[in-house]
Amino acid sequence: MAAKSKRGLIKIDAELCKGCYLCESVCPLNLISISERLNQKGYHPAIYIEEDIGIEEHKCKGCALCAIVCPDIAIEVYRE
Amino acid sequence: MSEKMLLRGSHVYAEAAVRAGCRFYFGYPITPQNELTEYMANALASLPDGVFIQAESELAAINMVIGVSMAGKRAMTSSSSPGISLKQEGISFLSAMELPAVIINTMRGGPGLGNIAASQGDYFQATRGGGHGDYRTIVLAPGSGQEMADLTRAAFEYSDRYRIPVIILGDGMMSQMMEPVEFPDPIDPKSLPPKPWVLDGAKGRPSRVIKSLILDTTAMEEHNWKLFRKYEMIEKEITQAELFLTDDARLVVIAYGTASRIAKGAIKRVRDMGLRVGLLKPKTLWPFPKRFLLEMSRVVTDFLVFEMSTGQMLEDVKLSLEGRRRIHFYGRPGGIISTPDEIAKVINNIYFKEGLETEV
Amino acid sequence: MKKVFGKPKSLKDAVFHYCPGCGHSIIHRLVAEVIDELNIQEKVIGVPPAGCAVLAYDYFDIDIGESPHGRGAAVATGLKRALPDRIVFTYQGDGDIAAIGTAETIHAANRGENITVIFVNNGVYGMTGGQMAPTTIIGQISTTTPGGRNEKRDGAPIDLSEMLALTNGTVYIERTAVDTPKNIIRTKKAIKKAFRVQMAGLGFSLVEVLSPCPTNLKLSPVQANEWIGSTMTNYFPLKVIKDKVGKLGALPHLE
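Protein chains in written order, with the numbering used here: chain A, 1 to 80; chain B, 81 to 440; chain C, 441 to 695.
Check before you lean on any hint, since a few could be wrong.
[Unchecked claim] Below, computed lysine-lysine pairings styled on DSS-like, alpha-carbon distance capped at 30 Å:
no., chain 1, residue 1, chain 2, residue 2
1, B, K344, B, K425
2, A, K61, C, K447
3, A, K41, C, K447
4, B, K291, C, K679
5, A, K11, C, K449
6, C, K592, C, K622
7, A, K61, C, K658
8, A, K6, C, K679
9, C, K632, C, K679
[Unchecked claim] Computed Cβ-Cβ distance ranges for the label pairs, DEER-style:
no., chain 1, residue 1, chain 2, residue 2, range
10, C, D476, B, S271, 52 to 58 Å
11, B, P274, C, D476, 27 to 33 Å
12, A, I55, C, D476, 54 to 60 Å
13, B, M300, A, K41, 51 to 57 Å
14, B, N122, C, T607, 44 to 50 Å
15, A, K41, B, S271, 49 to 55 Å
16, A, I34, B, P274, 22 to 28 Å
17, C, G446, A, H44, 50 to 56 Å
Honestly, the hints are just simulated from the structure, not real lab data.
Everything numeric in this text was worked out from a predicted model, so none of it was measured.
Each residue gets a CB set at the ideal place from its N, CA and C atoms; glycine is no exception.
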């Protein structure tokens, strides 16, 4: 039996985000999308779509590709 | 003090620098000061902590000085007129960042490539900042081998004390002359007091930044005035000039460096003829010895500025006197070295044209 | 849950002023991560350029000495010669290093100065508004090449890293990019190796990083990265350009 891969989650600081969407373009599981609201800088920040879901249902594995490409270090990554 | 040594001018600068605890020198070949660079190459190679680099350009050399100065150590570079032009950017940055440095200019004929004979055509460049921006550097003008030694030692001290680049303004003639010189005792650079602002890795303290970029205009204005206040303090504390036979003079020659030596010879000749002439020889060109001039102008009616140029220090004399007395000028640019007789004739003509009294 | 990715210690809390998608902020982070991992925050002195990254002093929590435009290699030479046991690096753009600073860079490399150079190549003069740079590619439009860079008039893009490899004093030169996560990870490895080369006293090391300038390329950040991958790398292929050091083992006395 294959080992169950670890679950992860990310936190995006919406006020640091400059709306470059590199994170959205690299997430292998399409867990990042673009908010409709504007942050204080006037960008539509990226949002983590599993933000409001219980951790047991997270598909995010904490691969951190989003954080690696984020120029503004707006993403923190957590893993089990 | 050392025993008296007979050394060529260029070598005097170098020996004095090493004795002042300078262990970092960056230079580039240019006539007529190569002997300075070569002496440093030898001297620093024989010291365990000596670093000599023949840089790829005078521009690179001044930037290496910036790096060493940021690390808190005494550093020097030298060149001659065209090469000093290349250093102006670096000197502006050193001034803005309040970094110490010693720069020796052995002036030659100019402008452009000019020639390799002695001149005094870089006075404006040295005393008006030289590079961009609102700054000044201390400018020292030796007129003898001994002064080349003394003022080089002083240059390092002033530079560290005031956190300001110091230019020593010599010329091709003095760099080639040999005179007996006594040097002060050597300083071990390790014995110099540590500087609290240097970059040496943020261990046990907050990280530091040494920069000259100040985007906020209010802060930039304050920085400029801060530099200006420093310059006012320097003016009060180190302005120097030598007075030669000025006590009873009716006409005073103003000259520095090689020109002052020629002037002294001329003055001795005309004194023998009964003319009451003296010499004011600035040793700091910046700050300019304005007070000395003003003091003298109470009695002296005529000043003769003699420069090996078309007239640069002349402007500082005019600014200092503000129209109080008659100012005459005699200049020979292009590397011409006047003889004392020639200057004596000039003095004579002015003296009698203005009807000044002689000792009968 | 444990945190596996966050801000490195060697970066201050200041918010980056760089444009959305700019490679500088990524590269700053990588340099800071390397400084943290090598535990050299208290030993390192950085020399930033004139250019967008002139404000690097607001971001790196290390000693920083500003250099006149292009002169970083000469200033770093002075610093390293004065403080041989500290780690000195320059961080320079393509205009800074390969136009105005070419002489200082080549000669510091030729002397084998034991410094590390981070060369950020985004093919344009960013801070001043998008003029042609030494590494602008043929046909690329910039504010001073409105019809595209023309080889006859402007010369071809210059490959400074290859030129430096010809000098004896350089021991490790690699070109990477920050256009994809894989390349970002590769860039960090290269930067770490370059610093370790210095720590081992082996000579001059340089990492050239192809970096996006979306604002002056007039592309979105995602498109700018695609452009790097598809077009810029034709002129500046990603590879190890020179490696005289091989695999660096542990450096117990230094790390």
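For each hint, the structure was consulted:
1. B:K344 to B:K425: 13 Å, holds
2. A:K61 to C:K447: 20 Å, holds
3. A:K41 to C:K447: 21 Å, holds
4. B:K291 to C:K679: Between K291 of chain B and K679 of chain C the Cα gap is close to 35 Å, so the pair fails against 30 Å, i.e. violated.
5. A:K11 to C:K449: Distance ~19 Å between K11 of chain A and K449 of chain C Cα, so the pair holds.
6. C:K592 to C:K622: The hint is violated at about 37 Å.
7. A:K61 to C:K658: Not satisfied, since the Cα-Cα distance of roughly 34 Å exceeds 30 Å.
8. A:K6 to C:K679: 34 Å, violated
9. C:K632 to C:K679: 16 Å, holds
10. C:D476 to B:S271: 52 to 58 Å: 37 Å, violated
11. B:P274 to C:D476: 27 to 33 Å: Since the Cβ atoms of P274 of chain B and D476 of chain C sit about 28 Å apart, the hinted range of 27 to 33 Å holds.
12. A:I55 to C:D476: 54 to 60 Å: 29 Å, violated
13. B:M300 to A:K41: 51 to 57 Å: Once the Cβ atoms are compared, 27 Å apart, the range 51 to 57 Å for K41 of chain A and M300 of chain B is violated.
14. B:N122 to C:T607: 44 to 50 Å: About 27 Å separates the Cβ atoms of N122 of chain B and T607 of chain C, which means 44 to 50 Å is violated.
15. A:K41 to B:S271: 49 to 55 Å: Taking Cβ atoms as reference, K41 of chain A and S271 of chain B lie about 54 Å apart, which means the hint holds.
16. A:I34 to B:P274: 22 to 28 Å: 54 Å, violated
17. C:G446 to A:H44: 50 to 56 Å: 24 Å, violated
Going through the hint list in order, the structure does not satisfy hints 4, 6, 7, 8, 10, 12, 13, 14, 16, 17.
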